[in-house]
Amino acid sequence: MDGKLYRLREFIRVEDKHSLIVDASGGLSLGTLPGLEDFGMATRSVLGIVDGLVCSPGQFRRIPDRTRGEASLLVRMDWTNTLRGSDFVLPPTNVHHLPLLTVQDALDLGATAMVSSFLLGYEEEVEAGCLRNTVQWAMDGNALGLPLIVEVRTTGPRVSIRDKAIELGASYALEGGADAIVLPYPGRKSLESIAAFVSVPWLIKPSHFHQKMGIVSFENAAPELEEAIGLGGAGLWLDHSVFALSNTSVVLQEFALRLHQAMAVA
Amino acid sequence: MHSGLEARMARLFNRHGDGRAVCMAADHGYMSDVTPNVVKLRSITEAAIRGGVDGILMSPGQAMRLASLFQGRDGPALIVRADWMNMPRLGSANVANAVPQRKLFHQKILTAEQALSLGATAITIYLFLGYGDEAEATGIDSCARFASECRKVGLPCIMEPLAVGGQITGANVVEVLTLGARICVEIGADALKIPYTGDVESFANLCRVSQVPVLVLGGARSDNERDALELFAEGLEAGCHGCLMGRNVTKSPNPEKMMRQLCQIAHEGYSVDEALRGERWEHVRLKATASKCTGCQLCVTACVGAHDSGEFSTHLSRLHIDPVALGQHKVMFCTLCKKCLDVCPTGALKWHDTTGAVELIVEKCTACDKCVEICPTKVIMRSDTSIRFNGTELAWYPIVCDLCGGDPACARICPTEAIFIDERKVIR
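For the protein sequence lines, the chains are A and B, in the order given. Going left to right, the first sequence walks through residues 2 to 267 as the working numbering numbers them. Going left to right, the second sequence walks through residues -1 to 426 as the working numbering numbers them.
To be clear, the hints were calculated from the coordinates, so they are not data collected in a lab. Just so you know, even glycine gets a beta-carbon here, dropped at the ideal spot from N, CA and C. Heads up, a few of these hints could be off.
As the list claims (entries may be wrong) - Straight-line C-alpha distance at most 25 Å; calculated BS3-like pairs for lysine-lysine:
| # | chain 1 | residue 1 | chain 2 | residue 2 |
| --- | --- | --- | --- | --- |
| 1 | A | 18 | B | 38 |
| 2 | B | 285 | B | 348 |
| 3 | B | 336 | B | 285 |
| 4 | B | 290 | B | 348 |
| 5 | B | 348 | B | 362 |
| 6 | B | 328 | B | 38 |
| 7 | B | 368 | B | 348 |
| 8 | B | 249 | A | 190 |
| 9 | B | 362 | B | 376 |
| 10 | B | 336 | B | 255 |
| 11 | B | 285 | B | 249 |
| 12 | A | 165 | B | 101 |
| 13 | B | 368 | B | 328 |
| 14 | B | 38 | A | 165 |
| 15 | A | 5 | A | 18 |
| 16 | B | 38 | A | 190 |
| 17 | A | 165 | B | 285 |
| 18 | B | 101 | B | 38 |
What the hints assert, rightly or not - Now the in silico label distances, taken between C-beta atoms and shown as ranges:
| # | chain 1 | residue 1 | chain 2 | residue 2 | range |
| --- | --- | --- | --- | --- | --- |
| 19 | B | 184 | A | 144 | 31 to 41 Å |
| 20 | B | 142 | A | 161 | 44 to 54 Å |
| 21 | B | 218 | A | 193 | 24 to 34 Å |
| 22 | B | 33 | A | 144 | 44 to 54 Å |
| 23 | A | 144 | B | 221 | 54 to 64 Å |
What the hints assert, rightly or not - A short, non-exhaustive set of chain A residues, derived as facing chain B with CB atoms under 10 Å:
| # | residue |
| --- | --- |
| 24 | 80 |
| 25 | 84 |
| 26 | 88 |
| 27 | 132 |
| 28 | 159 |
| 29 | 167 |
| 30 | 168 |
| 31 | 171 |
| 32 | 174 |
| 33 | 200 |
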């Protein structure tokens, strides 16, 4: 077994090949986020529930007492201002996307995997940079045994067909060397297409979860998750907004329970 | 030459000892939309390997993932796409274009050393011509850096000049491709991947000025697989060293068969027809299905066209179409019945040694007319002109079907396949 497979199995469970991952790295671009004011304490409560927790490089030190049975720590490798909206305190005028770490840096931090964004729909240079970084991290990760998770973000203004853009992003991530892919929910037809050609584990970011912030429930994301799992998907990827809930642990517990028990969902 | 470069060039181009390589481009998922050939990459790759492919072009990610397919003594050579571009997604005219691009972006992705670490036998990079001075200069800079890196580690650098963009017209595309080929060689390309220029003559010139092995690419897939095979056969005739075909193989309903046909043409000297039928016939004969004949006379025209020696006239055709009734025709052609050979008093008619067709030894002919008279299908014609040899003059000589050297033009052109070729197993 090579290092990448070994590490992938640390957060994609061997028994059901499913995974629940929470991305708590949004502060890199957005600063202090609701529910994540005390990063260590907020994430402490979910470490025993989820399989992977995505952190920014600087937040790794806030989780010093993690045990092996708890969530794997995945490190965010890049920075972008595309998460910021026009109502943000520093609204972006130009899109930027930068690599922050080398694979050796990620390994030194103790990360189990690297996480990067693949941005589609922005300037040509941004997309080209994403591809270049993906290949370089994948190549170096291959040499050092550290898997790369690529999160496809089709949020640019030039995206004309969203579901096809998500397929394209999945294809680029795959061809670039991703070891796992995270996708926004693209609709049933595209999901079938993606399931047919993506030969690495893939997780979905449920659309309902994000659209109905504050009234998150498993029932909202249920049909999408059910579809994804039914088509061979590896699980669920939730962003930092889950920490804004008053019952974060309960919600995540429910997701984890349903996901790993592979029960029919609502 | 760097010994590593020599060894890798030989691995790619000399697998069969003929200096040729039949390769498949499977890097489309890296640059264009998700098409069926991208979705079924693994099974298509496996099929191409069964078909005998010599080399496969892939993106770095897929090269890592499908590394096991390239292992072993008989495994194909891995060619890694070392750059990336967005050309297939330029413009918004294509309604399937999910994320349209406004300007060409082309960049280096891998170093030569990284490609080596993937197990690459060669790398491929683009050179864009026709998008303006800046794009060309950037491309040349990029190609030069690749060439330098590749030289240091002994990795063959296959450059792919493409004539696209606003400066390219139908009138200058061949000239620009030839220019691009030569520029790539001057920069340091070890081989070229290049589109076919459309005719043997101009492509032969391109191959000649290139001075390095040229691999012809297939371009967009044609619905008729004969088109791709003919393109390749013409490329070989022009002097190229093989092909690096993408969509014509990866989008083929049967990639294994298509690859086998390309290999047969390149490595076994098959004609396109032989490759299409999957076997080589030593001798052929003509056959016809009268009910399929529409009486269009294309076969007659093709026949005289194929034998044009200044006597271009359909009455000298070696076959003819006889109307039987309204809409019904009889195809009259040489059936190789041997009656003419038997009746010839001087032995002037014989079976041709290689084609098996009737051959006239004109020096022995006395123009006795017996062959013309006995021919049951009336396809031996008297020539319009006399012929002089060894001081004697024949007023005319018999014109016999020579089966166009084994590839009859009549069968090739018939739109309804009313006239076709079959194997002639026995010659007696």
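*For which of the previously enumerated hints does the structure constitute a violation, in increasing order of number?*
Those not satisfied are hints 4, 6, 10, 11, 17, 18, 20, 22, 23, 24, 25, 26.
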